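**Student:** Whenever a hint applies, use it, and build me the whole structure from the sequences.
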Amino acid sequence: MKKITINPVTRANSPFVVEVTVDGGKVVEAKCSVQFFRGFELILRGRDPRDASYLTERVCGICSSAHGTAAAFALEDAAGVRPPHNGNILRNLILGADLLQNHIRHFYLLSLPDYVRGPNLPPFVPGYKKDFRLPSRVNEAMLNNYYEALEIARLAHEMVALFGAKAPFPHSILAGGSTVAPAADVVMNFRSKLQKINDFIANRMIPDAHTLAGVYDDYYSIGGRNADMLVFGIFPRDQYDRERYFPFGAVLDGQLYQVDLQAIREDVSHAWYIGGVGQPGGDYGVAGNLYGKGMQNKQALPDREKQGAYTWVKAPRYKGRAVEGGSLARLWVRGDYRHGVSTMDRIMARVLETQKVGQLMEGWLEELRPGEPVYKPFKIPQKATGVGLTGAMRGPLGHWLRIEKGRIAGYQIITPTAWNMSPRDAGGQPGPMEQALLNTPVADENEPIEISRVVRAFDPCSACATHVIAPGKSLREFIIPV
Amino acid sequence: MMKIKDFIKIIGKSGMDVKKTTNQLVGGLLAGDKKKRPPVLWLGTNTCAGDSISFLNSLDPGYRAMITNLIDFRYNHFVMTAEGDMSTGVLEDTLAKHAGEYLLIVEGTVPTRSGGLYCVVGHRNGKPYTALEAVRELGAAAGHVVAVGTCAAFGGPYAAHPNPSRGKSVQGILDRRVINVPGCPVNPGWIVGTLAHLVWYGEPELDEYNRPTLFYGETIHNLCQRRHYFDSGIFAAQLGEPWCMYKVGCKGPVTFADCPYRQWNGEHVNWPVKANTPCIGCVNPEFPEHTMPFFEHLPDIHLPQITVNADRIGAITGTLAALGIGSHLAVRIKKGRLAKTIKKGLAPPKLGLQVLQTTPAQKLVDGIKFKLKKKN
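Residue numbers (the working numbering), protein chains in the order written: chain A, 1 to 482; chain B, 483 to 858.
It should be emphasised that the hints constitute simulated quantities derived from the structure, not laboratory data. Mixed in with the good hints, there may be bad ones.
As the list claims (entries may be wrong) - Only pairs whose alpha carbons sit at most 20 Å apart, straight line, appear in this in silico DMTMM-like list of lysine to aspartate or glutamate: (1) A:Lys-376 - A:Asp-77; (2) A:Lys-379 - B:Glu-723; (3) A:Lys-31 - A:Glu-305; (4) A:Lys-193 - A:Glu-366; (5) A:Lys-379 - B:Glu-778; (6) A:Lys-405 - B:Glu-778; (7) A:Lys-193 - B:Glu-749; (8) B:Lys-609 - A:Glu-305; (9) A:Lys-196 - B:Glu-749; (10) A:Lys-130 - B:Asp-567; (11) A:Lys-376 - B:Glu-778; (12) B:Lys-609 - A:Glu-19; (13) A:Lys-376 - B:Glu-723; (14) B:Lys-756 - A:Asp-185; (15) A:Lys-129 - B:Asp-567; (16) B:Lys-518 - B:Asp-554; (17) A:Lys-3 - B:Asp-567; (18) A:Lys-2 - B:Asp-567; (19) A:Lys-130 - A:Glu-445; (20) B:Lys-756 - A:Glu-372; (21) A:Lys-193 - B:Asp-542; (22) B:Lys-609 - B:Asp-567.
To be verified - To list a few chain B residues with every Cβ distance to chain A over 10 Å, as calculated: (23) Lys-518; (24) Glu-619; (25) Leu-688; (26) Glu-700; (27) Asp-713.
Just so we're clear, the structure is a prediction, and the values are computed from it rather than from any experiment. Ideal placement from N, C-alpha and C gives every residue a C-beta, glycine not left out.
**Tutor:** In structure tokens form, the structure reads like this:
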């Protein structure tokens, strides 16, 4: 038995920690931990509800559009307003472009150095030296694509900027629609960039992924877990949001079900939070019931000294189960990809989804109607609640909003990485990433590259993962002198 | 550049001692190169990595050119191959071998609550290595310290009221000059430009907030393409309209940055006002605290237990809010000395309630306290 700690795991949107116990060359126990906390929900309270779109984008530098979208949906739900046709399409295009950027960067910048030997130059050195299996010519070609991918990802961010003002943190995703008119020159510019990106995806990214999958095919049986997944829909087909291009769905034991929001619970028994009613280790949050009276007494306070806890991430559960989100889950629900649940499946699904979204976007451009409005003004309600659900790049993202006296009285965010990188719950059930690590073979304990490959395939992002449960009492009670 | 082979040929023809001279010359060249590419440690603290992403969005030079020609990019959690002890080892190694020479770039706020445990960057001797320790140690020995993004420069969103992690700016932690390159996120041109200046010419000229005047020398308002709409009194009444965004909350008049010229992302394709949304003042020392609400002229004031819109309390004191935007029109017309007024209104760069106590907004606080007292 040997304990291996990787602290920090880099090449993720924010560093995190993995601790595994290896016995007989295989992982028998795993813990994933996030080591930083910012407290966004607390900062949001008392603010103008319209500001949530911009401010929550600052949760995450690589998937900011997704937070902007969820915040816009939540306020639209609360205010009872719908964006105009163009507003909906433009927001889809911005989020779509940001998703392309994210997935391309994940595959090349974050993932590839696990499989492809880099040049002898910082920040590629120092690094692990073992298990690089590609012949040098292929290795060289992929490394060239690595640099090209950076240019392509930048181009995708230019697309975000075209309709969104800038990237990261696009400012045109707002409750009520979007703000840039789809004039011919802008649409043409966008289309031309999209074409370049789609070419890159088809001619570089897809073949590179297949090459990796061929050479590292053992990863189809590493990082596996039960097919338990959760998907919040992404990209509304029309402004009434009756249907989404990637639909809602819950997968339990490989079977597809409708999503029941009331079945979402958050658990803090192994996270650095203490409960309000003197029963740490219990069930503290009910996202779908956020506004219920029962929530008043259920609050969690940050407590870094809590015994038995090891992370800032809470443990959301769906029907009591640890479920994973992301490209694989979305394609599974859509029926596009049901090959299996493993490290390589997660990578392949992400690449295939990139292609799919790029193609869909070409169609959305056709649907834009020049001259028609993009934004619908509305009045902020004095008292209301709203829910904004969307798929973010990494999985299901939900914003829950409560407005009182025209200001934010409560805000709750459950992020994809909270699902994927959640810790154990009260019943001892590990989170999805911890489950996936079990049975991972480790050839060399000094270079545990297998572990990094497994966790990185989830595209984890600890920046978005750490939040407090907010509802209930006044702010002062959350600020504990330490 | 001349190849070493050609070099040797030329020297050989000149009849000098080839081996000795070349060694000297090549050694000199390499040393020169080395000097041109200082080691760079880019430390992420409580951050969203938005500034790292923005850095990668640089067009000319692109990432590849930067790491081969401009800097020796040793540490950045987003791109480096090493992880675990190997990666924190890079920090130790650079500190030991290149003290006084390397550049420390910090992205994110530095939390101070629980002795810094609200952000741990690695571990050392079996104990957590906090961002607070890392910034202190690495900052003390760096040639230059650059705070990139508004979080690192001034505290930004994570240090906003009620600042749950007790986050501080890098300058709030270090007892030495920190070059602030704010922005949420930083514009690639601002950070890469600052790096180039540091590498080639040394420290750039800085303003009173230690921001390079090269990028932060003039207000957005003065550079704005829509300035003529403002001067003619043509204002957008709602988002999405192509006129002056002042009345939907634009903070351009109190924001020092070159966004209107530089614009955003590789080809400089757009920026918030061009996209028919207001500037939210993201490079300001008081972003977002005193540039919120984003879609109103006047900022919110956070007092113990209550948040008040400055609009509502304006009547009580007759004083305008911390940023002085409201008085902008009158001042501009009367005196034409806008920039000076605004600079005065912004000082000093402290966060949260401290600002209220040291700026004209103190009057607001007094007024409200008085009113609350009266009520009770």
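**Student:** Now look at each hint and say whether the structure bears it out.
**Tutor:** Evaluated hints:
no.	hint	verdict
1	A:Lys-376 - A:Asp-77	holds (14 Å)
2	A:Lys-379 - B:Glu-723	holds (18 Å)
3	A:Lys-31 - A:Glu-305	holds (18 Å)
4	A:Lys-193 - A:Glu-366	holds (15 Å)
5	A:Lys-379 - B:Glu-778	holds (14 Å)
6	A:Lys-405 - B:Glu-778	holds (17 Å)
7	A:Lys-193 - B:Glu-749	holds (12 Å)
8	B:Lys-609 - A:Glu-305	holds (14 Å)
9	A:Lys-196 - B:Glu-749	holds (15 Å)
10	A:Lys-130 - B:Asp-567	holds (17 Å)
11	A:Lys-376 - B:Glu-778	holds (18 Å)
12	B:Lys-609 - A:Glu-19	holds (15 Å)
13	A:Lys-376 - B:Glu-723	holds (11 Å)
14	B:Lys-756 - A:Asp-185	holds (14 Å)
15	A:Lys-129 - B:Asp-567	holds (15 Å)
16	B:Lys-518 - B:Asp-554	holds (9 Å)
17	A:Lys-3 - B:Asp-567	holds (14 Å)
18	A:Lys-2 - B:Asp-567	holds (17 Å)
19	A:Lys-130 - A:Glu-445	holds (12 Å)
20	B:Lys-756 - A:Glu-372	holds (19 Å)
21	A:Lys-193 - B:Asp-542	holds (18 Å)
22	B:Lys-609 - B:Asp-567	holds (13 Å)
23	Lys-518	holds (15 Å)
24	Glu-619	holds (17 Å)
25	Leu-688	holds (25 Å)
26	Glu-700	holds (19 Å)
27	Asp-713	holds (23 Å)
Consistency with the previously given hints is maintained throughout, with no hint failing.
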